[in-house]
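Asks: Sequence:
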Amino acid sequence: DTAEVLNTVEKALKAGASGVCMGRQVFAHPDPGAMAKALVMMVHEGASAASAMNAVGL
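All residue numbers for the sequence shown refer to this note's numbering, where the first residue is 1 and numbers rise by one.
Honestly, the hints are just simulated from the structure, not real lab data. Honestly, I wouldn't trust all of these hints.
[Said to hold, decoys possible] Cβ-Cβ distance ranges computed for the label pairs, FRET-style:
1. 45 <-> 2: 14 to 22 Å
2. 30 <-> 7: 14 to 22 Å
3. 16 <-> 57: 16 to 24 Å
Cβ coordinates follow ideal geometry from the N, Cα and C atoms, glycine included.
The whole structure should be built from the sequences, with the hints applied where relevant.
Replies: And the structure:
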């Protein structure tokens, strides 16, 4: 589930992670480009999971 994955990433970033390493969650997603963009927004721009999902239409 997209929200679950991005919420987990958000928790990791809030706990001090400086990035994430994902494969299947991106490449197996129905819209891998949007999923990748959401992750970029979260890691590099500080977006929340909800705002990243809304911004890319997930």
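Asks: Could you run down the list of hints and mark each one as holding or not?
Replies: Hints versus structure:
| no. | hint | in the structure |
| --- | --- | --- |
| 1 | 45 <-> 2: 14 to 22 Å | holds (18 Å) |
| 2 | 30 <-> 7: 14 to 22 Å | holds (18 Å) |
| 3 | 16 <-> 57: 16 to 24 Å | violated (29 Å) |
Checked against the numbered hints given earlier, this structure breaks only hint 3.
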